[in-house]
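There are 4 protein chains.
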Amino acid sequence: MTTPSLTIRPPSGKLAVLLPGLGAVATTFIAGVLLARRGLGSPIGSLTQMGTLRLGGPNGERSSLVRDAVPLATMDDLVFGAWDIFPEDALDVARHAEVLESRHLDPIAEELREIQPMKGAFYARYVRRLNGTHVKEASSKAEMVEHLREDIRSFIRRHGAARAVAIWCGSTEVFLPPSAVHQSIEAFEAGLASDDPGISSSQLYAWACIKERVPFANGAPNLTVDFPAAWLLAKEMRVPLAGKDFKTGQTLLKTILAPGIKARSLGVHGWFSTNILGNRDGEVLDDPDNFKTKEASKLGVLEEILQPQQHPELYGDLYHKVRIEYYPPRGDAKEGWDNLDIFGWLGYPMQIKVNFLCRDSILAAPIVLDLALLLDLAARAGLHGTQEWLGFYFKSPMPTPESRPEHDLFIQSMKLKNTLRWMIGESAERPQGGGSFE
Amino acid sequence: MTTPSLTIRPPSGKLAVLLPGLGAVATTFIAGVLLARRGLGSPIGSLTQMGTLRLGGPNGERSSLVRDAVPLATMDDLVFGAWDIFPEDALDVARHAEVLESRHLDPIAEELREIQPMKGAFYARYVRRLNGTHVKEASSKAEMVEHLREDIRSFIRRHGAARAVAIWCGSTEVFLPPSAVHQSIEAFEAGLASDDPGISSSQLYAWACIKERVPFANGAPNLTVDFPAAWLLAKEMRVPLAGKDFKTGQTLLKTILAPGIKARSLGVHGWFSTNILGNRDGEVLDDPDNFKTKEASKLGVLEEILQPQQHPELYGDLYHKVRIEYYPPRGDAKEGWDNLDIFGWLGYPMQIKVNFLCRDSILAAPIVLDLALLLDLAARAGLHGTQEWLGFYFKSPMPTPESRPEHDLFIQSMKLKNTLRWMIGESAERPQGGGSFE
Amino acid sequence: MTTPSLTIRPPSGKLAVLLPGLGAVATTFIAGVLLARRGLGSPIGSLTQMGTLRLGGPNGERSSLVRDAVPLATMDDLVFGAWDIFPEDALDVARHAEVLESRHLDPIAEELREIQPMKGAFYARYVRRLNGTHVKEASSKAEMVEHLREDIRSFIRRHGAARAVAIWCGSTEVFLPPSAVHQSIEAFEAGLASDDPGISSSQLYAWACIKERVPFANGAPNLTVDFPAAWLLAKEMRVPLAGKDFKTGQTLLKTILAPGIKARSLGVHGWFSTNILGNRDGEVLDDPDNFKTKEASKLGVLEEILQPQQHPELYGDLYHKVRIEYYPPRGDAKEGWDNLDIFGWLGYPMQIKVNFLCRDSILAAPIVLDLALLLDLAARAGLHGTQEWLGFYFKSPMPTPESRPEHDLFIQSMKLKNTLRWMIGESAERPQGGGSFE
Amino acid sequence: MTTPSLTIRPPSGKLAVLLPGLGAVATTFIAGVLLARRGLGSPIGSLTQMGTLRLGGPNGERSSLVRDAVPLATMDDLVFGAWDIFPEDALDVARHAEVLESRHLDPIAEELREIQPMKGAFYARYVRRLNGTHVKEASSKAEMVEHLREDIRSFIRRHGAARAVAIWCGSTEVFLPPSAVHQSIEAFEAGLASDDPGISSSQLYAWACIKERVPFANGAPNLTVDFPAAWLLAKEMRVPLAGKDFKTGQTLLKTILAPGIKARSLGVHGWFSTNILGNRDGEVLDDPDNFKTKEASKLGVLEEILQPQQHPELYGDLYHKVRIEYYPPRGDAKEGWDNLDIFGWLGYPMQIKVNFLCRDSILAAPIVLDLALLLDLAARAGLHGTQEWLGFYFKSPMPTPESRPEHDLFIQSMKLKNTLRWMIGESAERPQGGGSFE
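Chains as they are written, first to last, in the working numbering: chain L, 14 to 451; chain D, 14 to 451; chain R, 14 to 451; chain A, 14 to 451.
If you're looking for bench data, these hints aren't it; they were derived computationally from the structure.
Take the hints with a grain of salt, since some may be wrong.
Stated by the list, open to error - Sample of chain A residues facing chain L (criterion: CB under 8 Å; computed from the structure):
1) S55
2) Y332
3) P341
4) G344
5) E348
6) W350
As the list claims (entries may be wrong) - Cross-link-like lysine to aspartate or glutamate pairs, in silico, EDC-like; alpha carbons within 20 Å at most:
7) K334/L with E316/L
8) K366/L with E338/A
9) K305/A with E338/L
Claimed, not checked - Far from chain R, by Cβ distances over 12 Å, these chain A residues were calculated:
10) G26
11) P84
12) V92
13) E199
14) E202
15) F304
16) G313
17) E326
These numbers were taken from a predicted model, which means no experiment stands behind them.
Beta carbons: idealized from backbone N, C-alpha and C, even for Gly.
Throw the hints in and build the complete structure from the sequences for me.
What follows is the structure, given as structure tokens:
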């Protein structure tokens, strides 16, 4: 990691962005890129497009836009593909999702109309609340993987793309712990052939992508690429992976607030979080088995940041509860309410309440864009396996085998930026005590 | 700053902590230390007592309590002195303040009773809402400084203290911009002799302390030690300074949230902050001239963190408004309500509302403790002038002449910890992209 | 008041609705009526259109829509006129106000375009933040009244209206207590001739309307029609009046919550209310003299409902504070935040916090409609002077000389409905203990 | 009900207040009465002690304290008895409950110590989360009723009480719909003999009380006295009943806000309510079967107030969701958060958010006092069966057979007060349009 010179292949040609799940998130992402290309909208929330990088050494004051300093593909280079279990095209989906207003959809209606989903690979047992009608048939999961691989190759061919990346934008699946089938490439391939119930739909997409050398990021809390067989295959195929579960609303705020509370050595007795949302995601999470997957993803955050074992007096009895409530009046405009019971000097209690009126897809769309561009960058730089430095974007950042997940947004951000600096031969940032002494 | 070996004199003997302003903050601080000494309370919120430091290089996983790794004075070493413009002793003040409950004051009542304030140096024009009765008389401000110096020497002598530090815990004074009298030691000394109206009460304490080689921190937004003459005198006397305005409630949260929003490249249209509080601080701030001093301190925060000139599309039209409302039903249990109008992808608006039910003195007390111990450390290490690395504790961190103020709590925290590491010969922390590539 | 038979003239012909102030409220009202006529929108929030009346005696279970039971003019009967100090027509004003979306303005654009304001009667000293460009000239206030009267007659003539009503939808003026000039018709007429500074612009409109026998309601907290000379003239001319200050957001909630707290004999130590809004109203109220008028209107509410003199133990030390903050990011979508410090059994404290994300003009528009129809009804029924039963719609309900203002929304609602029942010969509602005993 | 003269027996002698369930609510109630007797606390929240009654006809301005106008027993007359399934005395229970501070418990410690619960009648299947150790044994439910009757008689005898009332202050039981066994006195008596599973513990207390002519109120949402056999027996024994489920925190606010929203003809799309609490009640409600009972009680409120069938355009699609979350950091200091999605003019959406930091037992205690005194009044006045006019105090007001439940707090309050007026020969209040017309 000290080698300053890393060879990064240039981002020439078109980049196919393949999206399993053409719902509110995917269409908001696509529409935003199409609008931004025409100067009709701004990709707010995207670090690659709006963010800056300080350059010039640990105390460097020179600053550059990320997209100017780092050899990324541009938004103009992207072509979009998707799979879904419903046949609606991107325009219809976007209109029904009610995330973007007509003034944003009208100018790009034609382009959206042309984005029609390929049939989905779908086994209903993993998402019981949905009843897909636009699904592939296959005699086995192994065959399903082959169909998906053929889809990928065909899409790339049809659009003349030079490279591809894939981002899971589908639903949360029921809770599935890794089992024997997930421990090696051979076991997994055997499981595909025998329709092992431990292999969910999203794992099929991931497997197909890795086989096709398509970098893959997972926006949901599912297993998908978070098991040894996937890591091993990614290593073998030299494919970068990232995951999991886009960090959008409440958890985003949690990973901002918790490090601040800890920095000040304040204690926390309890943290209660509830969410109300009315989109398809909310409907799926109304099924307790699917919620369990999401809950596991959301609960780990505080423990990793606050480290109660190291600070038992401050965080040893922390009671953390997370709820997601399906509440149709809200649609995609989800809302979080958090209550923190903290304590200070001599144990005196205080409370912080945070009410976040957010928009799920608006917060997720720039993450999709950044992940597409950064995974492509990683692949061109020869990186592979879990990209821990992309943990910034995820509720459940997948660690490398030798590390623990890092949830602190500020450390995540510094890791991401220092990794970008390293890739372009800049030295890391290292904030230090000012020069007020001699 | 690269020299790893810094000689720090050991913290032997008693450390006098001198507090101009024996109000709710000062007595809560004193009572907490007295209780902690007896094992009857825990100094929650104090980084020096509860916080940890990662050691062993940039990726070091060894961790130690700050107070074990750094040669600080202990809570047992402290003796407390104070000035105030009212004659009540620390016990009466604490009872009236209604911050600590009887169960906390009863066991240490006798010790608190013995802490009786020295008469205050007070010119009513700087704090019009208060009408002090326990005040020094002097024929000029210069003579007032001499009285204060005599108080300091006498206190140290009486208590057999080896060293002293001073922390301003008094009220906010009316807004006073630095004037000609503040530009050089000579001008200031002349101003003292001629009772220049630009020299407020708090500046007299600061000047007396620096003259006596007593490190000084300023917990209020007043000028106090934030002007060239004070810096020059501190350099001459080799005295460390820190300031200004304890970062306790709403601004603490603001410097936690704003960096998080910026890290995600989200935009901000507006940030409205209101506070309700009913203690003496609230009463003083009900005077618009005193509020102006506080407002200036509170408003700078966002601009410095978000840097609108560098990110005009995200923060160029940010409307920031801060209000403090005197509201007697609350006493010391102040409450902040913030509304943030943020925006994301394509400009879609979202809102964050934060309601902080905090306790002013409970949040300030550990800061007083940390500053006392860290300023004493700085003095023993031979540091002097503005200690920019202590900006972590302040709403308006005083920068060094060559730097800009840093408000981001996470950078502040890293600066403070890296400076401590540097002082004990450890290398700085530098989060970097995980080892997921070869 | 016991006479069951009251003669009400039928609502035949067109009703002119004259609006001093063609801003966000007025255009939202007009647009809503135009849309409702075409079946493109629903007049939600209007008691006359959506509300019901229980009929058939004190325990009557028969229920009817108000508009079916009471002989009101219909929305189809209305024609709209306005004065303003800016020349924009209703369409331009509505577009700039950003209250209604394009999908609501487009279908009625032509009709709105035709509504062009008559020049305003405006003396800048009463609203210093506005700088009107579309104003009448007159040699005296008396002449100004004559110009306005001519406007009224000419409008009625031009549109062939059978009757007219006027609703003040203009800005809040600076605080003006009633003075000698307001005590009699003669004094007021003399003041008009001599340009008495106690006579503000809104009073000129009111005087002109009463002279023309046009019923007048006041949507702002100004004096306008709330002084003896106006009452006397209204009596002489047999014109009904109503006022003052539309009860829309925070005060609406206050008059809902306070009666509930009182019903349960809970105590209140403090009530803090703050508002953020960014429309023209907010800009005007940023001037402390104009805010004073609004503050007086908002502060009276709690005292009248809770009656501290009668319940000193519960409300004797109530601290009530109201703030309005100009905050441009919000436009018309104002927001209130209230904190209530209440107490119960043995004095234990509790808190209620209310955050109301409301829309000023959306809440005011149905009030304009109701007042237009109900004042017209009152006039046709021969009622005149202050219509105390319309207090339901106002922050500062104008009482009759012999009564105190009633702020409790539930009593206001019952008064309004019982008065309607009385007008149509129905007996009043009188909730009583159920028949569970013999 | 028109007879103005009702004979009310005078409240001479002691009144036994019998409480099944000696927990936080019961001990807070008892402690408050004991303190109030000594002048050491005030029964805030009690309508009978703090409230007033307007007298002197429909427009009467004379006002009197309820306790002065109506012949109620006084707090001095009360003696307290209780049953519980744990053996702790009232002092221990109160200390563990952490509702009242030491300063309130210390002066009455001795009196509380003496209040020791009688053994509880407890069948674990109805409250699975509790594991009672201080329970009666009986060969059948019929025998259990006899044991309870003997307890009642013995308590009255021991304390020389003239009369008794009982208030259920125990836990919420699992959801039990009324079945055949609840339809007649005979069926119920047979069910007692055969240990019918439809008969829960609380029903045994109620049956025993009615048999002993002890008026009974139910503070929980259980069936208890809300079934035909209980009504019939109450009629036969001439015993008044009241219920059910004390209206304390969130539902109290809901029945204040909803009538206000309806009065203004505003629409409601959704109402989401969540509660966090950490007391025994919260623990019991963490069992979904017990929560179901509470949920049914809480959900009915809005429908009854808003009457969607009568106002389909405003409330036809209302989505109402209620959650209760066990959250130990809070203890008895429960907190509610409500989000209301309302809409106005042309359907534009607005939001109201209410955060209620309340205290369960502090709000319930005065209800226990009022119900004890008012049920005793009812009995002395010869009233019996369900006292619908006491619905003011309940989340699920039990209606009379011929009426629907009334949830609107303001109508409930008027009903209660008009019933009191009727009992003392005063005529009902009837707010009407002011005298502003001739």
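Hint check results:
1. With its C-beta approaching chain L no nearer than about 26 Å, S55/A sits outside the 8 Å limit, and its interface hint is violated.
2. Against a cut-off of 8 Å between C-beta atoms, the interface hint on Y332/A holds, since the closest Cβ of chain L lies about 5 Å away.
3. Interface hint at P341/A: satisfied, since its Cβ lies 6 Å from the closest Cβ of chain L, which is below the 8 Å cut-off.
4. Taken as an interface hint, G344/A does not check out: its beta carbon lies about 11 Å from the nearest beta carbon of chain L, beyond 8 Å.
5. This hint holds: E348/A has a C-beta 7 Å from the nearest C-beta of chain L, less than the 8 Å allowed.
6. Restraint check, W350/A versus chain L: the minimum CB separation of about 5 Å is within 8 Å; hint holds.
7. Our distance criterion of 20 Å between C-alpha atoms is met by K334/L and E316/L, whose separation comes to about 12 Å.
8. Taken as a hint, the K366/L and E338/A pair is honoured in the structure, with Cα atoms around 16 Å apart against an allowance of 20 Å.
9. About 17 Å separates the Cα atoms of K305/A and E338/L, which keeps this hinted pair within 20 Å; it holds.
10. For G26/A, the shortest C-beta to C-beta distance to chain R comes to about 23 Å, beyond the 12 Å cut-off, and the non-interface label holds.
11. Listed as a non-interface residue, P84/A keeps its Cβ farther than 12 Å from every Cβ of chain R; the least gap is roughly 16 Å.
12. Interface exclusion of V92/A from chain R stands, the closest Cβ pair being 20 Å apart, more than 12 Å.
13. Every CB of chain R lies more than 12 Å from the CB of E199/A, the least distance being 23 Å, so the non-interface label holds.
14. For E202/A, the condition that its CB be more than 12 Å from all CB atoms of chain R holds, with the nearest at approximately 24 Å.
15. Every CB of chain R lies more than 12 Å from the CB of F304/A, the least distance being 24 Å, so the non-interface label holds.
16. Consistency note on G313/A: stated as away from chain R, and its beta-carbon is indeed over 12 Å from all of that chain's, at 17 Å minimum.
17. A Cβ of chain R approaches the Cβ of E326/A within 12 Å, the least distance being about 6 Å, so the stated non-interface status is violated.
When the structure is compared with the earlier hints, violations turn up for hints 1, 4, 17 and for no others.
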